[in-house]
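Engineer: Single-letter residue listing:
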Amino acid sequence: MDFNDTAEEAAYRSQVRSWLTANAPRKSGRVDSGLEDPASMEEAKAWQRKKAEAGYACVTWPKEWGGGGGASWQSVIFGQEEARHETPGNPFQIGLGMCVPTVMTVGNDADKERFVRPAVRGDEIWCQLFSEPSGGSDVAAARTRAVRDGDDWVINGQKVWTSGAHYSDFGLLLARTDPDVPKHKGMTMFWINMKDAAVEVRPIHQMSGASNFNEVYFTDLRIKDSQRVGGVGEGWRVSLVTLMNERLAIGGGAGGGHRTIFKLAQEISTLAGPAAKDAGLREKIADWFVQAEGLKYTRYRTLTALSRGQVPGPESSIGKVVSAALMQDMANTALELEDQFGIISDPDLAPLAASFQTALLAAPGMRIAGGTDEILRNIIAERVLGLPQDVRLDKDVAFKDIPTGR
Amino acid sequence: MDFNDTAEEAAYRSQVRSWLTANAPRKSGRVDSGLEDPASMEEAKAWQRKKAEAGYACVTWPKEWGGGGGASWQSVIFGQEEARHETPGNPFQIGLGMCVPTVMTVGNDADKERFVRPAVRGDEIWCQLFSEPSGGSDVAAARTRAVRDGDDWVINGQKVWTSGAHYSDFGLLLARTDPDVPKHKGMTMFWINMKDAAVEVRPIHQMSGASNFNEVYFTDLRIKDSQRVGGVGEGWRVSLVTLMNERLAIGGGAGGGHRTIFKLAQEISTLAGPAAKDAGLREKIADWFVQAEGLKYTRYRTLTALSRGQVPGPESSIGKVVSAALMQDMANTALELEDQFGIISDPDLAPLAASFQTALLAAPGMRIAGGTDEILRNIIAERVLGLPQDVRLDKDVAFKDIPTGR
Amino acid sequence: MDFDFSDDQKFLKSEARKFLGAHCPVSAVRAVLDRSEKAYDQDLWKKVTEQGWLGAAIAEEHGGLGLGSVELCVIAEELGRSLAPIPFSSTVYFVAEAIKLAGSEQQKAEWLPRIARGETIGCFATVERPGVMNDAGVQARVEGGNLTGVKLPVTDGDIADIAIVLAKSGGQSGLYLVNLSDSTVGRQTLQTLDPTRSSAKLTFSGTPAELLGEIGEGLSLAEAVMNRAAVFLAFEQVGGADRALEMAKDYALNRYAFGRPIGSYQAIKHKLADIYIKNELARSNAYYGAWALDDGAAELPLAAAAARVSACDAFWFAAKENLQTHGGMGFTWDVDCHLFYRRAQQLGLVAGGAKAWKERLVTQLERRNAA
Amino acid sequence: MDFDFSDDQKFLKSEARKFLGAHCPVSAVRAVLDRSEKAYDQDLWKKVTEQGWLGAAIAEEHGGLGLGSVELCVIAEELGRSLAPIPFSSTVYFVAEAIKLAGSEQQKAEWLPRIARGETIGCFATVERPGVMNDAGVQARVEGGNLTGVKLPVTDGDIADIAIVLAKSGGQSGLYLVNLSDSTVGRQTLQTLDPTRSSAKLTFSGTPAELLGEIGEGLSLAEAVMNRAAVFLAFEQVGGADRALEMAKDYALNRYAFGRPIGSYQAIKHKLADIYIKNELARSNAYYGAWALDDGAAELPLAAAAARVSACDAFWFAAKENLQTHGGMGFTWDVDCHLFYRRAQQLGLVAGGAKAWKERLVTQLERRNAA
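Protein chains in written order, with our numbering: chain A, 392 to 797; chain B, 392 to 797; chain C, 235 to 605; chain D, 235 to 605.
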């Protein structure tokens, strides 16, 4: 148990630091918060290219595919150091974290040759087309149809909750190729060109005002059979490869919130006196602090496992469950402290630039996107603790016969 | 919306008050907390007899069966007024609240003639023999076997969680008469003599030290077919009559706890000063208060419905869910306030005669006995809100083929 | 004892539900949400006026229906269910109640009939900065009958005709009645969490102001008004929470996942049972508040605080868990969950947040225990 | 960076688990619970001594193994898992740590070897009344080297050979080392929530007492000792919480209701997932505490408070929900759930309750934020 580097780690870290100091740009905006923003997208692509050229883009990937050919611990260190700089938004996460690794694991040689290097360099962006309106948490309920037509497939249907669809070049698509067999057996994975005219992307207007997600519609989208990723009917198994890679993407935490609410408390009075001295608030701050710190050190444990070359398990699911609820609770508490004033969401008037009002409107999405609280608890219960699945009525019947309530 | 009596109500209340003042004994002990306590049992029986003679024992039951022949609102008023006196323990509740009403609804004329009047007078006490070790929350999983033998039935098996089995004269027994049909169809209800030598009662030692419940074993207990309550195979439907009557028994609440913890807080310091001024504790007290008051007024609403002759629904299930959790939370908070001292459970040393330590050990039982938190939430979801039952794997198979994990 | 609405009150309730079902569908609420120039639903306001609801608890001699507070509670619950986007609470629960409570005969005769007729929209302006309403927070001053200062947020301040303003004169707090048509009044519409209820910053620069009640009693009168408003608001919150529960239930019955309705999963069932429990407790506490208000009982401050604490908890929980039950659809703009999520905050903050009310509740409890 | 146990530490952990599995089955804990004359498991104490665990974190020059604090944490976690009914925490986390922290060379040389050899059981006696440990609560007095006063509850006070007592002399607080074999010491065993860990009221009537550390530093030293103990206790709590989760899981897998294991119902699955989440957070916070302790880091007070707050929450939640998962069997005497429920309270209170530690945590945070 040691927070200090070994000599080898220290040497690598120092090399990374020098490079970052010399090369890291200042962030001028966030790509993933807006819809279309060519300037910040260009900035993001430029930064990715620069990292790729220095071997820092995908540190552990083989050099022949554009990666750094390095060890897991080097990837961890680069990530820590990069986080100390203001870098551009990252529209490459889904492609490099999930889609491209799937192509690398399951795809054919031509696809690997064609896609990996441009993705690492940031020249091409990918999105993941799994979720559907009728499916929600149930990815295997996909209804988007792919029908064989000679050497082509013709695709019709709709995906939803697709991050970055509007700026993506390619998409990894899970489609139903046989509705007459049980749901997990009748799907196939494909890659598609997002710029095809038969693909329509519509932003989803969220309650927070942002549009981080899209609906994607396919109308007679015609693709080649060579765009298949894995065998016909193997779509579910391929999707598991993709989703397993998702786990490895270790997200940031909800740390520091206690500092913000402390700042608020110093400016505000309760009926009994200064809010910063209010024992009720102080207890809550302590509770939030141990949760945020607990998550932080849980991530350190995961990073330790990663840097030892181990694959972290589903236990990293706890991060979002804890931090989303914490964010919602903290925002609500802050608004209670602001009392009548709390309703004001104008950043020029509300305390701390309305950060708690913003958090209040964003928190519901946090508790849902990327797996609801409920689904994540199922995952923990089943995959970590080994408890049985709930009774499944949808496993051994033809997909078209599964009850849907319609 | 009025807390005041109508003229008729006021007249009845005044009559009840005079009678109670003249007749109510001082309570000298609690029957239901101990195992064998002939003195307090005698006291309880004497009080019941006195009430029966004055028409106050089962206010709404017909006079010919020993009741008061009164209206629901009279029963409500009598209950309110009796609660203002220190009366003996009540070992009759299960009999008069659940078992005897079942006999009255389903039983034959001879049984009614034989049992109702003595029960009202407190001469005979009943217990309810439904739950079994393998069943738990699932009453229909009863395995106690009743096998037909000429004009008799022979009973073998075990019941559990039977309140008052040790002082009861009779029991209402749910037994399996046909294991080859689905679980809900193969049961039959009987009444049995608890003093039969083939019935063995063993107290259950609870973690709190008390023994409020028993195990009851039947070894070749032989009873007459005339002791059947309802038809063969009708046991489940009869048990629903019993359990529906359970709802009508309106329990007491968890009110007043906030007063006790206030008292504690006045004697104790936190790191920041007097506990009674601690904003964290004060917020909790407010939360507990609104829950306890909310329950109290919910009961008033139920009483209003009762006094209008309506049958209260399953919504009264909320009482125990709320008050048990409240009790556990309050006890834990009180112990945290007492800090290191909180571990002392000696009533002579611990604050407020160790009432919070006692509550801490009793609370787990409260959250379980009479329906766990989980089962009560199912009941609310299904019977109040109309949500579907969970998937049932035990409905259309022979009882003996239902998976039990053994 | 009779702890339920009377038959007449139940009839009023069912009529109110029918009326609002017809005249205040969610599309009417969305119209106010989506069109920033639309501060409230003027058609609905007119129709509500015609129903006589504005004057339900105003005496007949002042042009009202002369019903009791309980009847107003019945109406409030239905307004809460339907998220009515009108300045009802400001005008009726705050301003009319303040005038009934503290106004002179002349002030009552002048303003209550206008309110009952729907001619005058009112607003209640007490705070100027983040944090609870307290003496130190009152910077607005009245000198020589003229008010100077800034108040924000003021619900319906952008559309109101009159305001009741908490201000100080000679160091003592008072409530003042102010005609907002005066040219010295500045108004700026505020961006808030719930655009279906408008809010403004009001600036007074020597605006004529008329005392309501006695000087020195401003803060305690404001609190007395808030106690009354808290009970009515609790009914709106219970109405909203019930509707949120119904939305969640309907969705859970009709949305399928893994081949069965999500309402058959315990995670959803128990969540909805918990919403039901909180709603029932809130309803019962609100009933007690209604009784205390109608009866003029000494318990009102305690009963009002209990009603408010319970209702804030219930509506917030119901709104956020209804949204959660809807999954991805829940946080889109087009699905109605966020309307309830926003309104839960609006109602939870408009008379001050639950934290402050818990402190008020416990202070009352201490007094009662000491007595 | 390396935020995990080393291979050696993992080996120690697995050996400790095997050892306690063999020598501290639940039946050994029950023997102490059921037999009031049995204050602790003397056989186990002897065996633990032979393992060298008492001196794990005592320097070799003082007869210990000279391992680090992290190794002691590893042992603590396994002791917590097995609910070991021995005076380990009092003797090692409190008394040995206090002597290491504040003792003179002579005191160290006198007592640490005896502790390491298992000859001396220690106890830590700070409080006299309900509420947090503070200056006003210290009534015990030392005059002329003799201690007079009463301390309760004192964990292991009935079986200890020496006590470290918080008392005042000339109005200043100090920690005092007291030999309990003195005839002026009165001992009364207390009835507590967790009879598997004994506790006593100690009465001193002019008992010889030797200063540990400086006079005037008593309270701050006691807090420093509690910071150290809090980290070790957090590992015991995490161990207990993990075992409670395993019990719940095993029961949920094997208990059937309505034809399927109760572990297939979401109410149980999500409850157990929530226990897991709290346990993992507590483990991570405990790890950080262990590092801060071992490293002598300035963050120790904050890290210790975080470890304790998180561990108290986790063990209490795991213990009560494990019991709940067991249904009716859970609250019987014969099923082991209540042993964990009791121990969760014992460990949660023995170094002071979570509420006080939250206040300590936030005070530290304020200092850090100000720095």
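What the hints contain is simulated information worked out from the structure, not anything from laboratory work.
For clarity, every value in this text was computed on a predicted model and none was experimentally measured.
The beta carbon of each residue, even a glycine, is placed where N, CA and C say it ideally should be.
Careful: at least some of the hints might be erroneous.
[Said to hold, decoys possible] Derived CB-CB ranges, DEER-like:
hint: 1; chain 1: B; residue 1: 787; chain 2: A; residue 2: 584; range: 19 to 29 Å
hint: 2; chain 1: B; residue 1: 470; chain 2: D; residue 2: 375; range: 53 to 63 Å
hint: 3; chain 1: B; residue 1: 570; chain 2: A; residue 2: 792; range: 55 to 65 Å
hint: 4; chain 1: B; residue 1: 474; chain 2: C; residue 2: 251; range: 34 to 44 Å
hint: 5; chain 1: B; residue 1: 470; chain 2: A; residue 2: 792; range: 24 to 34 Å
hint: 6; chain 1: A; residue 1: 484; chain 2: D; residue 2: 603; range: 31 to 41 Å
hint: 7; chain 1: D; residue 1: 373; chain 2: B; residue 2: 412; range: 21 to 31 Å
Engineer: Are the hints correct? Go through all of them and say.
Structural biologist: Comparing the hints with the structure gives:
no., hint, result
1, B/787 <-> A/584: 19 to 29 Å, "violated (51 Å)"
2, B/470 <-> D/375: 53 to 63 Å, "holds (57 Å)"
3, B/570 <-> A/792: 55 to 65 Å, "violated (34 Å)"
4, B/474 <-> C/251: 34 to 44 Å, "holds (37 Å)"
5, B/470 <-> A/792: 24 to 34 Å, "violated (55 Å)"
6, A/484 <-> D/603: 31 to 41 Å, "holds (32 Å)"
7, D/373 <-> B/412: 21 to 31 Å, "violated (49 Å)"
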